[in-house]
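**Student:** My request is simple: use the sequences and hints to build the entire structure.
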Amino acid sequence: MLTVPYITNYLTEHFADDAFGTIEGYERYGGYAGYRQALDTPAEDLIELVKASGLQGRGGAGFSTGMKWSFMPRETDQPKFLVCNADESEPGSFKDRILMERGPHQVIEGILIAALATGSDKTFLYVRGEYAHPADRMEQAVREARERGYLGPNALGKRRSHEIVVTRGAGAYICGEETGLLESLEGKKGQPRKKPPFPAQYGAFGMPTTVNNVETFSHVPHILKHGAEWFRGFGTEKSPGTTIFGVSGQVRRPGLYELPLGTRLDEIVFEHAGGPAEGRKVKGVIPGGMSMPVLPASLLDVPMANEFLRERKTMLGTGGIMVMDDTTCMVRASCVISYFFRDESCGQCTQCREGTGWMHKILERIERGAGEREDLDVLLDVAAKMEGQTICAFADAAAWPIQGMLRHFREEFEEHVRQQKCPFPASFEL
Amino acid sequence: MPRITVDGRIIEVPEGRTILQALDDVGLLMNGVDVPHYCWHPKLSIDGSCRLCQVEVEGMPKLQIACNTPVQDGMAVRTDTERVRKAREGVMELLLVNHPLDCPICDQAGECKLQDYAFEYGVLESRTREPRRALKKNVDLGPTIVFDQERCILCRRCVRFCDEVPRTGELRVFGRGDRSVIDVDPDRPLANDYSMNVADICPVGALTTKDFRFKIRVWFLRDVPGVCTGCAKGCNVYVGVANNKAYRYVPRRNDEVNATWLCDGGRLSYRRIGAERLREPLVRVDGGAAQPTPYAEALEAAAGRLRQLVDAGAGERLVVLASPHATNEDLLALRRFCDALGVTSAGAAVVRGESDDLLIQAEKAPNAEGARLLGFGEPGPVLERIRAGQAAGALILGHDVLHDSRLGGPEALASLDAVVVLDSHQSALQRVAHVTIPVRHAAEKQGTFTNHARRVQRVLPAVEPAWEAWSDGEVLAQLGAALGLAGFDASWDVVAASKALEQVQPAFSGVHLQSVGDEGLALDAEAIRGAAS
Amino acid sequence: MISDETRSRIDAEIGRYPTPRGALLPALHWVQEEHGHVSRESAAELAEIFGLRAAEIMEVVSFYNMFFDEPQPRHHVYVCTNLPCSLRGARTLLRQLEAHLGVHVGEATPDGRLALGHEECLGACAYAPMMRVDHRYHEDLDFEKAKRILDELD
Numbered sequence: 001m002l003t004v005p006y007i008t009n010y011l012t013e014h015f016a017d018d019a020f021g022t023i024e025g026y027e028r029y030g031g032y033a034g035y036r037q038a039l040d041t042p043a044e045d046l047i048e049l050v051k052a053s054g055l056q057g058r059g060g061a062g063f064s065t066g067m068k069w070s071f072m073p074r075e076t077d078q079p080k081f082l083v084c085n086a087d088e089s090e091p092g093s094f095k096d097r098i099l100m101e102r103g104p105h106q107v108i109e110g111i112l113i114a115a116l117a118t119g120s121d122k123t124f125l126y127v128r129g130e131y132a133h134p135a136d137r138m139e140q141a142v143r144e145a146r147e148r149g150y151l152g153p154n155a156l157g158k159r160r161s162h163e164i165v166v167t168r169g170a171g172a173y174i175c176g177e178e179t180g181l182l183e184s185l186e187g188k189k190g191q192p193r194k195k196p197p198f199p200a201q202y203g204a205f206g207m208p209t210t211v212n213n214v215e216t217f218s219h220v221p222h223i224l225k226h227g228a229e230w231f232r233g234f235g236t237e238k239s240p241g242t243t244i245f246g247v248s249g250q251v252r253r254p255g256l257y258e259l260p261l262g263t264r265l266d267e268i269v270f271e272h273a274g275g276p277a278e279g280r281k282v283k284g285v286i287p288g289g290m291s292m293p294v295l296p297a298s299l300l301d302v303p304m305a306n307e308f309l310r311e312r313k314t315m316l317g318t319g320g321i322m323v324m325d326d327t328t329c330m331v332r333a334s335c336v337i338s339y340f341f342r343d344e345s346c347g348q349c350t351q352c353r354e355g356t357g358w359m360h361k362i363l364e365r366i367e368r369g370a371g372e373r374e375d376l377d378v379l380l381d382v383a384a385k386m387e388g389q390t391i392c393a394f395a396d397a398a399a400w401p402i403q404g405m406l407r408h409f410r411e412e413f414e415e416h417v418r419q420q421k422c423p424f425p426a427s428f429e430l
Numbered sequence: 001m002p003r004i005t006v007d008g009r010i011i012e013v014p015e016g017r018t019i020l021q022a023l024d025d026v027g028l029l030m031n032g033v034d035v036p037h038y039c040w041h042p043k044l045s046i047d048g049s050c051r052l053c054q055v056e057v058e059g060m061p062k063l064q065i066a067c068n069t070p071v072q073d074g075m076a077v078r079t080d081t082e083r084v085r086k087a088r089e090g091v092m093e094l095l096l097v098n099h100p101l102d103c104p105i106c107d108q109a110g111e112c113k114l115q116d117y118a119f120e121y122g123v124l125e126s127r128t129r130e131p132r133r134a135l136k137k138n139v140d141l142g143p144t145i146v147f148d149q150e151r152c153i154l155c156r157r158c159v160r161f162c163d164e165v166p167r168t169g170e171l172r173v174f175g176r177g178d179r180s181v182i183d184v185d186p187d188r189p190l191a192n193d194y195s196m197n198v199a200d201i202c203p204v205g206a207l208t209t210k211d212f213r214f215k216i217r218v219w220f221l222r223d224v225p226g227v228c229t230g231c232a233k234g235c236n237v238y239v240g241v242a243n244n245k246a247y248r249y250v251p252r253r254n255d256e257v258n259a260t261w262l263c264d265g266g267r268l269s270y271r272r273i274g275a276e277r278l279r280e281p282l283v284r285v286d287g288g289a290a291q292p293t294p295y296a297e298a299l300e301a302a303a304g305r306l307r308q309l310v311d312a313g314a315g316e317r318l319v320v321l322a323s324p325h326a327t328n329e330d331l332l333a334l335r336r337f338c339d340a341l342g343v344t345s346a347g348a349a350v351v352r353g354e355s356d357d358l359l360i361q362a363e364k365a366p367n368a369e370g371a372r373l374l375g376f377g378e379p380g381p382v383l384e385r386i387r388a389g390q391a392a393g394a395l396i397l398g399h400d401v402l403h404d405s406r407l408g409g410p411e412a413l414a415s416l417d418a419v420v421v422l423d424s425h426q427s428a429l430q431r432v433a434h435v436t437i438p439v440r441h442a443a444e445k446q447g448t449f450t451n452h453a454r455r456v457q458r459v460l461p462a463v464e465p466a467w468e469a470w471s472d473g474e475v476l477a478q479l480g481a482a483l484g485l486a487g488f489d490a491s492w493d494v495v496a497a498s499k500a501l502e503q504v505q506p507a508f509s510g511v512h513l514q515s516v517g518d519e520g521l522a523l524d525a526e527a528i529r530g531a532a533s
Numbered sequence: 001m002i003s004d005e006t007r008s009r010i011d012a013e014i015g016r017y018p019t020p021r022g023a024l025l026p027a028l029h030w031v032q033e034e035h036g037h038v039s040r041e042s043a044a045e046l047a048e049i050f051g052l053r054a055a056e057i058m059e060v061v062s063f064y065n066m067f068f069d070e071p072q073p074r075h076h077v078y079v080c081t082n083l084p085c086s087l088r089g090a091r092t093l094l095r096q097l098e099a100h101l102g103v104h105v106g107e108a109t110p111d112g113r114l115a116l117g118h119e120e121c122l123g124a125c126a127y128a129p130m131m132r133v134d135h136r137y138h139e140d141l142d143f144e145k146a147k148r149i150l151d152e153l154d
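Protein chains in written order, with our numbering: chain A, 1 to 430; chain B, 1 to 533; chain C, 1 to 154.
Just so you know, not all the hints are guaranteed correct.
[As the list claims (entries may be wrong)] FRET-style restraints, in silico, Cβ to Cβ:
1) B:R132 - A:E163: 43 to 51 Å
2) B:R132 - C:E144: 50 to 58 Å
3) C:A99 - A:K421: 22 to 30 Å
4) A:Y29 - C:M1: 44 to 52 Å
5) C:E144 - A:T22: 48 to 56 Å
6) C:M1 - B:F220: 21 to 29 Å
7) B:D140 - C:H100: 43 to 51 Å
[Claimed, not checked] Listed next, the in silico DSS-like pairs over lysine-lysine satisfying Cα-Cα at most 25 Å (straight line):
8) A:K313 - A:K281
9) B:K137 - B:K215
10) B:K62 - A:K195
11) B:K86 - A:K194
12) B:K86 - B:K113
13) A:K195 - B:K86
14) B:K86 - A:K313
15) B:K113 - B:K43
16) A:K361 - B:K137
17) B:K43 - A:K194
18) B:K86 - A:K361
19) B:K245 - B:K210
20) A:K195 - A:K51
21) A:K194 - B:K62
22) A:K281 - A:K421
23) A:K313 - B:K62
24) A:K188 - B:K43
25) B:K86 - B:K62
26) A:K225 - A:K238
27) A:K195 - B:K43
28) B:K136 - A:K361
29) A:K194 - B:K113
30) B:K210 - B:K136
31) B:K113 - B:K136
No lab work stands behind these hints, which were simulated from the structure alone.
Computed from a predicted structure; not experimentally measured.
Glycine included, C-beta positions come from ideal geometry on N, C-alpha and C.
**Tutor:** Take a look at the structure:
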């Protein structure tokens, strides 16, 4: 079981109380009040409210949630589906896990409100296969919600029924990509689909579908209860609300921290998470899950929100903050990173399939002490040829971290080549 | 119809198509507008994974894959910019990182899209120092295809083909990432009637046919446009010829007939061109065995037999069986021959077999419909007369009649006074025929066939027989002249004969050897007169 | 042979999706719970249930880390070796466990008790090093703690 976040806010403030995870406890804390309000609100108004709040997806892409909901067709005789993306597999991210384990009803309430807003009949809650316990918790909460009448034939009042089907993946990071998830949900290999068509037109089982992340759904009941203005009171103008940052790596207090977007990265790393171990210095921090380019120690004074992070050529992603101290060899870290992307590529697109493999082989060779001068330019060139040219953003996610490493730590790579060995004997073992 | 601009040139394209489809529809793809591609195929579903067909579309920040971008009126596409060039280079270089350098031993060399596009759009030097992926080579996928997993670029055309065309789905992609491999279920090898098409559509030498393996380098082959003669579909082919020998058939695209496909049986029927051929005329004297005989003598012997019959007043007891393998022009000559002799009993025996809802037709000859349109139809009455002893002589083209149970075997002809056979291949008819004269195969002459859908298509000479052989029409011209029949002067002009088809069958008006082109022409069903059934 | 009980679970699950194939991943999990892996026989049976071909079933099996097409030992032990865990000594722990068990990563103990492997991020980054043993997570590990947990596996 996870410990609770070190710093809480409206999402996680009651997580220390086990009762919050039960339906009775959740209702005692005011749960499902937002949903009851939504029952009396026209669907278009619900969408406008969420748009006005400025809520952005918390799964890594940061797309406007209200706008995404508005893409669903209004009038159609096809069934419409929601998908809750609980495939959390981005290295460094473990926030959705705690949201499911300790706040399952908060997720369900968000789903129900979204169902009202989009006119959806059913939600598929797709949990990564390795999250056995969070999936069990969600199934338990769904049972409780059904018994209470929040799910089932008259779930959404006069409007329509709603059901949540909890289903599990089987170990493949790419099933966290929207359309990769849809393929896996349909019982196939999780290979992302080419777009167009987009999920709102052709989604789960060919029906109009909206896919949202666990945390995204979790914010929604609070927006209903307190309003868009209230929500905008947290975070920045362009990135309102809180998020749950997950801090890990070479830091004193790794853990979860629910903080407003826009909180400075150095504040999170040094103040909240206690900074590096005794006698060590921070060398670099990956701010948003392993797909995001690293920031060197000199660039950590950045508010954690996309509009600022983009200026430093990185992004918020899933808010998975990974701290590396000065014992860490960045080439070694790059080997770990590139191995992951090579392993998880679905294999469809030429550049991704071949590029992830090639980059990993080159990086391992450099770390082994057999690197050549030209390798660094080849790495950058391959990364450039992978970016923005594939069916999904996985190839970008594979390219960016290596670009980031070479942007800020090129001299470490050059040292490996010059010395024909790794000059960081104290680094973590590979 | 939407109008788009491609590299500054305005084109009008059909509605509802993607950029690649539209370019293909108007005949410009790789023929005026270069958009190299691997995974896309005009007759298969859109895949979108090879990424080679990326183009610039004005107003869209990222490059778009032409295969999946719907055309919109006013769209401006560029295929010739620096960004597109770099993107193609990127795809080509990455494909070559793991691809084995097998060209010296690979059948695909010379018709390999990896070679072609690497040369045209790729980088000339490889930068990889890494060991290449080692997988299974020379995999026996099934009775017809050899598979090399290392060469595979995972375009998945073969997988989609098996799923979508024969719908047998033998091929699947196993694994993930750069460990993906295509393979079959060991209990279900690649074995459908269209299996060899995967070798055509495979852009590289990963899938090759066992039939063609290591036989000849493709740059030695001359591709002669032709038509398969295996059944009444008349799938369009290229006959691959070198040293006056046919090495293979490959499908030739015709969207009105066979799209881009060919059945395995038809594809392998090229072997018939050189197999079991009749290479010299045969004459049986006094009921003895058939003896090889010089052509002029054999022709005289045939004429002699028939003349005896006519002089004895038994002309109306001559029956005629046309061959559904003969061309329309050959059959016109036969029609004229029958009319000049007053033959009333004529038909065409056609071997029938399995058919499917794709290409394979039940009638196993290219010109059964042509025969019917020229008055050679249901052979039942002819075979009745033979069985009933009412025929004194028989002029038989081809030997399909042997498969008709109503004949009751070649012995049924033994009692006739004159059996003259014109055939390209050996058969049991030679034993009972008084005279057997070898004729040319479709790949050895000019002519037209009428397929099951009444489309008239031409064949051109691809190879020349190594022995003396004439087309059926030429033999009949000489036979007619020898018999002194009106209108026969021993000369044979196949083009003139083709233009004269309309005199016998009005539907052929305007449709002849010089008008059908490489794609063929459909007959107007309304104009058909007096066809046999 | 897929048991009747699993077959009924599969039938019930099929009803929850617009197309039957939506129940395939759940079905594969259950078949694996029963037999430890998805055999060719199971694939043939599943193919019949879902109206697919056996090769299509095995194709899906081959894509996912958690499905196996060969018989497996009783327990799977996966130490996460992704970046946050590696930064905190996960790979050192893995080496130590290899030595303790006398197997290399990817191998099973000769008595068929367990297989030792490594996995990508399991969502426990703040509690590194950690491992997944079958369906359970064990977090905040050191060698002694990990050793104890593994030695207690039957």
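**Student:** State for each hint whether it applies.
**Tutor:** Hint by hint, here is what the structure shows:
Our hint of 43 to 51 Å for R132 of chain B and E163 of chain A holds, since their Cβ atoms are close to 50 Å apart. Checked against the hint of 50 to 58 Å, the C-beta distance between R132 of chain B and E144 of chain C comes to roughly 44 Å, which is inconsistent with it. Checked against the hint of 22 to 30 Å, the C-beta distance between A99 of chain C and K421 of chain A comes to roughly 25 Å, which is consistent with it. At roughly 49 Å, the beta carbons of Y29 of chain A and M1 of chain C sit within the given window of 44 to 52 Å.
At roughly 36 Å, the beta-carbon separation of E144 of chain C and T22 of chain A lies outside the given 48 to 56 Å, and the hint is violated. For M1 of chain C paired with F220 of chain B, a C-beta distance near 57 Å fails the hint of 21 to 29 Å. Taking 43 to 51 Å as the suggested C-beta distance range, the pair D140 of chain B and H100 of chain C conforms, at roughly 45 Å. Taking the CA atoms of K313 of chain A and K281 of chain A, the gap is near 23 Å; set against the 25 Å cutoff, the hint holds.
Under the criterion of a C-alpha separation no larger than 25 Å, the hint pairing K137 of chain B with K215 of chain B is consistent with the structure, at around 19 Å. Our distance criterion of 25 Å between C-alpha atoms is met by K62 of chain B and K195 of chain A, whose separation comes to about 13 Å. The straight-line distance between the Cα atoms of K86 of chain B and K194 of chain A is roughly 22 Å, inside the 25 Å bound, and the hint therefore holds. At roughly 18 Å between alpha-carbon atoms, K86 of chain B and K113 of chain B fall within 25 Å of each other, so this suggested pair holds.
Only pairs whose Cα atoms come within 25 Å are accepted, and K195 of chain A paired with K86 of chain B is accepted, the gap being roughly 23 Å. For a cut-off of 25 Å, the pair hint linking K86 of chain B to K313 of chain A stands: about 23 Å separates their Cα positions. For the given pair, K113 of chain B sits about 18 Å from K43 of chain B by alpha-carbon distance, which is consistent with the 25 Å threshold. Our distance criterion of 25 Å between C-alpha atoms is met by K361 of chain A and K137 of chain B, whose separation comes to about 23 Å.
The hinted pair formed by K43 of chain B and K194 of chain A meets the criterion: a straight-line CA distance of about 19 Å does not exceed 25 Å. A hinted pair counts as satisfied when its Cα atoms are at most 25 Å apart, and K86 of chain B with K361 of chain A qualifies at roughly 23 Å. Our distance criterion of 25 Å between C-alpha atoms is met by K245 of chain B and K210 of chain B, whose separation comes to about 18 Å. Between the alpha carbons of K195 of chain A and K51 of chain A the distance comes to roughly 24 Å, so the proposed pair stays at or under 25 Å and holds.
In summary, the hint linking K194 of chain A to K62 of chain B is supported, as the alpha carbons are separated by about 14 Å, within the 25 Å threshold. Taking the CA atoms of K281 of chain A and K421 of chain A, the gap is about 23 Å. The hint holds against a cut of 25 Å. This hinted pair checks out: K313 of chain A and K62 of chain B have alpha carbons roughly 18 Å apart, not beyond 25 Å. The suggested pairing of K188 of chain A with K43 of chain B holds, with an alpha-carbon distance near 24 Å, which does not exceed 25 Å.
Proximity of K86 of chain B to K62 of chain B is assessed by CA-CA distance (about 13 Å); at most 25 Å being required, the pair is judged to hold. For the hint linking K225 of chain A to K238 of chain A, the alpha-carbon distance of about 21 Å falls within 25 Å, and the restraint holds. With a C-alpha separation of about 20 Å, the suggested pairing of K195 of chain A with K43 of chain B holds against the 25 Å cut-off. At roughly 21 Å between alpha-carbon atoms, K136 of chain B and K361 of chain A fall within 25 Å of each other, so this suggested pair holds.
Only pairs whose Cα atoms come within 25 Å are accepted, and K194 of chain A paired with K113 of chain B is accepted, the gap being roughly 24 Å. For the proposed pair K210 of chain B and K136 of chain B, the alpha carbon gap of about 17 Å is at most 25 Å, so the pair holds. In summary, the hint linking K113 of chain B to K136 of chain B is supported, as the alpha carbons are separated by about 22 Å, within the 25 Å threshold.
Of the hints listed earlier, those the structure fails to meet are numbers 2, 5, 6, in rising order.
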